[in-house]
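S.K.: Listed below, chain by chain, are the residues.
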Amino acid sequence: DSGVTQTPKHLITATGQRVTLRCSPRSGDLSVYWYQQSLDQGLQFLIQYYNGEERAKGNILERFSAQQFPDLHSELNLSSLELGDSALYFCASNRGDTDTQYFGPGTRLTVL
Amino acid sequence: AQTVTQSQPEMSVQEAETVTLSCTYDTSESDYYLFWYKQPPSRQMILVIRQEAYKQQNATENRFSVNFQKAAKSFSLKISDSQLGDAAMYFCAYYSNYGGSQGNLIFGKGTKLSVKP
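Those protein sequences? They're chains A and B, same order as listed.
All letters in the first sequence, in the order written, are residues 1 to 112 by this note's numbering.
All letters in the second sequence, in the order written, are residues 1 to 117 by this note's numbering.
If you are wondering where the hints come from, they were derived from the structure by calculation, not from laboratory data.
No experiment lies behind these values; they were computed from the predicted model shown.
Each hint should be verified, as a subset may be incorrect.
[What the hints assert, rightly or not] Some chain B residues well away from chain A (every beta-carbon gap over 10 Å; in silico):
(1) E10
(2) D26
(3) R43
(4) D81
(5) S82
(6) L84
(7) K109
(8) G110
[As the list claims (entries may be wrong)] Here are some chain A residues pointing at chain B (derived, C-beta under 8 Å):
(9) R18
(10) F45
(11) A56
(12) F64
(13) F69
(14) L88
(15) G106
Just so you know, even glycine gets a beta-carbon here, dropped at the ideal spot from N, CA and C.
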């Protein structure tokens, strides 16, 4: 158990809908990272937050957004969902001043 | 841009034997970190081993060790005394605080390891 929690574990929704994925980092970790794992694209970095502020952005679509709250949990919002958004979404965390990232169990999103 | 390449989509090893998974990477940075992550059927991403680029000594963690060749930009993972529980997808990953990938991990496509009893 990495100490990073993600909810929900599974999410099934329809095209055009909006969903919110939640992540709670390890105790003491200030940085949260979001990654998408899909069959065709592999594991891709989406976005990073550090202590409430956006720090780095990767291949994140404009339909996707994220935020980190004062209690340091983070939410990834996916809107106008398409079939191709079906993937496993991981959250990872660290103190922000270290390199090692610890991953949560992931949220499997299925868009029908 | 930094890239990570795993040229072996699938590998197989007999239980108790040794297997080596390959990884090469491309970067112009001199200060970076390399990782191997394991993803079993549960889909959890588990850190296996970590290597700091400025350290010449190869990292080891129990039955797992790496062969880090900085000049060749090669970072292979050796699993000794393979166990059934080692069967998983293995991802090589690169991290640097500098350059275009600042702060995030760049992953290879993965190698699926099967362990035969």
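S.K.: Which of the numbered hints above does this structure break?
M.R.: 3, 7, 8, 9, 12 and 13
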